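There are 2 protein chains.
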Amino acid sequence: MRQLYVIGLGPGDPNLITVRGSEILSKAEVVFVPYSTGTNRSLALSIVEKYSKAEIVTLGFPMKKDVDPKDLERIGEEICSKSKSLSAFVTLGDPSLYSTFFRVSNYLGCFNSVEIVPGVSSITACASKAFMPLALRNEAIAIIPADRLDLISKVKQDFETIIVLKGNENLDKISEELKDDYDLLYARRCYLDGEKVIPWSENEYDKDYFSMLICKVRNNEKG
Amino acid sequence: MRQLYVIGLGPGDPNLITVRGSEILSKAEVVFVPYSTGTNRSLALSIVEKYSKAEIVTLGFPMKKDVDPKDLERIGEEICSKSKSLSAFVTLGDPSLYSTFFRVSNYLGCFNSVEIVPGVSSITACASKAFMPLALRNEAIAIIPADRLDLISKVKQDFETIIVLKGNENLDKISEELKDDYDLLYARRCYLDGEKVIPWSENEYDKDYFSMLICKVRNNEKG
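Top to bottom, those sequences are chains A and B. Quick note: the first sequence uses full-length UniProt numbering, first residue 1, plus one each step. Quick note: the second sequence uses full-length UniProt numbering, first residue 1, plus one each step.
Note that these hints are calculated values from the structure, not bench results. Check before you lean on any hint, since a few could be wrong.
[Claimed, not checked] When the alpha-carbon atoms are kept at most 25 Å apart in a straight line, the in silico DSS-like pairs for lysine-lysine are as follows: (1) B:LYS156 <-> B:LYS207; (2) A:LYS27 <-> B:LYS129; (3) A:LYS50 <-> B:LYS27.
Everything numeric in this text was worked out from a predicted model, so none of it was measured.
Starting from the given sequences, assemble the full structure and let the hints guide the process.
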């Protein structure tokens with residue numbers, strides 16, 4: 001009987017993991033920590049190590065947009081071969097939002113059960129730091145990665161809130177497109193070292209992958 | 001010196017609160033628990049009581065869409081008059097997503113500091129129960145309350161994922177609009193009594209306010 005728990009670690013502050021996530025980490029025999037070159041491997045590790053004495057297995061994930069399924073199959077095999085009765089796979093933020101877990105989930109047939117423990121996402125974490133509501137009443141929210149320039153002009157003015165993620169590119173162009181209708185907030189690495197939550201300014205744009213633009217429509221008459 | 005912590009309790013399972021949220025509840029002297037007629041007052045209370053021995057003050061919020069600011073001002077005054085050095089205000093889910101807190105936040109000038117502690121939202125909580133990614137790679141997500149029928153046809157096919165919230169109305173109409181292009185999942189009261197996470201079926205539609213439709217585009221060629 002092998003069980004896998006997929007645990008959302010939250011935005012980065014070790015205390016923003018869920019109670020359930022922390023309890024499972026304290027019991028797990030092995031914890032899988034995925035990383036991509038250039039991201040916060042040490043961050044996820046430091047959260048895990050706060051709660052767990054388990055064996056740690058780090059898993060290098062390819063960064064490319066088009067990943068060879070064979071690479072993912074190989075990672076799945078590594079997880080299966082190193083798993084124990086109670087194993088955990090951790091992701092920063094929430095496992096359902098842009099996480100690595102669902103890239104390998106099809107290759108984990110060795111487990112008798114897999115349960116996802118949701119976490120606080122970086123999106124609401126940044127909103128809490130900015131002290132702003134992402135939505136009230138019947139407002140609508142669009143969450144759009146920064147390379148989807150096509151979508152920005154299409155959804156302009158239909159959504160009270162537009163959140164542009166993965167802001168290492170294009171935020172300058174997107175802010176130009178939206179600035180007449182929306183108030184723009186630039187949020188970077190919320191709850192992490194290097195945190196910055198400020199009104200958008202081209203001069204402060206540091207093209208960080210872990211940054212986002214939170215855009216709130218002005219003079220909302222739809223709500 | 002009066003401090004207010006606004007704590008996201010998560011979707012309903014008491015163990016899905018954050019460690020930080022639970023720690024603040026254990027120290028708070030008074031905890032404000034908002035409720036609206038017909039919602040889960042007892043649920044929020046039971047989570048609070050698991051972690052806290054504080055005095056509990058329940059706050060009735062008006063349910064109407066257009067609320068008289070005087071009502072909110074009165075609630076703000078009640079919070080201020082009953083607050084202590086370390087006070088907490090709790091919301092189910094995350095405080096930045098459709099919560100009561102931001103309706104009264106302008107009337108809380110009595111506090112020297114207010115900090116928001118983010119929580120797991122019902123959206124990712126339902127995704128975890130459904131064992132599905134809301135977004136991978138550069139997919140985009142639209143979050144739309146069910147009374148915004150105007151938006152559904154506008155965003156159709158532009159977003160890989162459409163989440164329709166507050167599903168006590170219109171989900172039958174919306175599913176008709178989307179069913180040819182999207183796979184539809186009906187998720188209701190995730191992590192609560194009465195939980196239901198099933199493929200959409202008109203026969204199972206119980207018009208529950210705490211329900212949502214999660215729509216994933218088929219044959220995605222944009223990602």
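When the structure is checked against the list of hints, which entries are broken? Sort them ascending.
When the structure is compared with the hints, none of them turns out to be violated.
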